[in-house]
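A.B. asks: Protein sequence lines, in the order shown, are assigned to chains P and V.
All residue numbers for the first sequence refer to numbering that gives the first Met the number 0, where the first residue is 0 and numbers rise by one.
All residue numbers for the second sequence refer to numbering that gives the first Met the number 0, where the first residue is 0 and numbers rise by one.
By construction, these hints were calculated from the structure, which means they are not laboratory data.
We treat Cβ as the ideally placed atom computed from N, Cα and C, and that holds for glycine.
Be aware that one or more of the hints could be misleading.
[As the list claims (entries may be wrong)] Derived contacts from chain V toward chain P, CB cut-off under 10 angstroms, selection only:
id, residue
1, Leu5
2, Val6
3, Val7
4, Ala8
5, His38
6, Thr41
7, Ala44
8, Ala89
9, Gly90
10, Arg96
Read off the chains here:
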Amino acid sequence: MRIREVVIAVSVALVVLLLAYVIEAGGLGPIAPRELRELAASYLVNAYNPWNVTQSALSLEAVTAIVWDYRGLDTFFETSVLFASIVGVSLVFRGYRERLGIGGRGLSEIVKTSTRVLLPLILIAGVSVALHGHLTPGGGFQGGSFIAVLLVLMSIVFSLDFVVERGLTSGRLLALRSVGLIGVLATSVALLAAGLALGVEAYIFQNVAREGSELSMPQWLLDRPTGGTLIFFNMFEALAVAAGLALAFLVLSLREEEVREALGVGEWYE
Amino acid sequence: MLDLALVVAGLALIAVGVFFDFVGAIGLLRLPNFFTRLHAATAGAIGGAVVPMIGASLVALGADYLGPARFFLAGAAFASSLLLMILAQAGSHAIARAAYLSREAPREPILHDALEEGGGG
């Protein structure tokens, strides 16, 4: 029995080691293919291409250029799907209101102190991931998820009362979520509205000058590229995602007293 | 000369990390109850992740051929090790406290229970 276990352990370790050597030596083919397909090459060339602006998103990060410019409408509906699910959650728990003074008062002092060190770091990381979405990997959804984690962590470590007392009630989170989505909507039709006002042609989800339309969002903030609409999209998306995910967590962590209240309201509706 | 010293010191710290990971893995399998196993896992997290990450940052500082990128690598590794040092113990503490207070994990074998004498924490 002993020997069998040792043999199993050593052979597993050997397999991992040999596999690592084989991959390192290129035995399973190159890890990343060296030739790009035509579509990928065209996106890479055009994502930031100031010499051919009508094809370009003027974003240094190709993924964000694709997500919020080339297929912006698709992403808008993705955001709306998340919003619809949040609406569904708040519909099921209509009449839900946070009540103070029930439930725990958070974890022990050691965890609270460590979390206090961490909270501002998470906030800074989330905001910077969202605001640099057009420059570095990341973007609105990722940054917003960071900030939602912050709220979830606060409600677990410091208790739900702590979060609610600081004004983050479910009603306000829903309002923030709506503000984010309205911001996304406004950004997507901003140039169209400007075009209608000025009497020139413009497109929905237009970022920079396109064929037949000279309108363009501002590309530079001081000496930093902003990617036109992309920085606004990322900002509002981060707000919407953070508020939406935090709201879903807050509503789904409801306590028995709150359930009864919510059920009473539901019966009143019926 | 300084580069070489940095690389050697970093590799020594990584070797210390390997030792702690090994001890932590054995302890996780062989120790008698939940709390002692959690202790082994945390020793693996602090000694086996924080220390070698500091070592990795020293190695990166000493690696001249990386150019300016070595400062980014060293800074990121050092910052991650600091964060992990703050957080690994907090997580283990929260888990151990929850398991103790809810009596989900058997406390035996136990020599002295100061928390029980102090009024159950």
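A.B. asks: Determine for every hint whether it applies to the structure shown.
C.D. replies: Okay, the hints, checked on the actual structure:
1. Violation of the interface hint for Leu5(V) is found here, the shortest Cβ-Cβ separation to chain P being roughly 26 angstroms, above the 10 angstroms cut-off.
2. For Val6(V), the suggested interface contact is broken, since its CB lies about 21 angstroms from the closest CB of chain P, more than 10 angstroms.
3. Checking Val7(V) against chain P by beta carbon gives a least distance of about 25 angstroms; that is not within 10 angstroms, so the hint is violated.
4. Annotation: Ala8(V) was flagged as interfacial toward chain P, and the flag is violated, the nearest CB pair being 26 angstroms apart, outside 10 angstroms.
5. Hint status for His38(V) relative to chain P: violated, with the closest Cβ pair at about 15 angstroms, above 10 angstroms.
6. For Thr41(V), the suggested interface contact is broken, since its CB lies about 13 angstroms from the closest CB of chain P, more than 10 angstroms.
7. Restraint check, Ala44(V) versus chain P: the minimum CB separation of about 14 angstroms is more than 10 angstroms; hint violated.
8. Taking 10 angstroms as the C-beta cut-off, the interface hint given for Ala89(V) holds, the closest approach to chain P being about 4 angstroms.
9. For Gly90(V), the interface hint holds, since its Cβ comes within 10 angstroms of a Cβ in chain P; the closest pair sits about 8 angstroms apart.
10. With a least beta-carbon distance of about 6 angstroms to chain P, the hint placing Arg96(V) at the interface is held under the 10 angstroms criterion.
Violated hints, listed in ascending order, are 1, 2, 3, 4, 5, 6, 7; each of the other numbered hints is respected by the structure.
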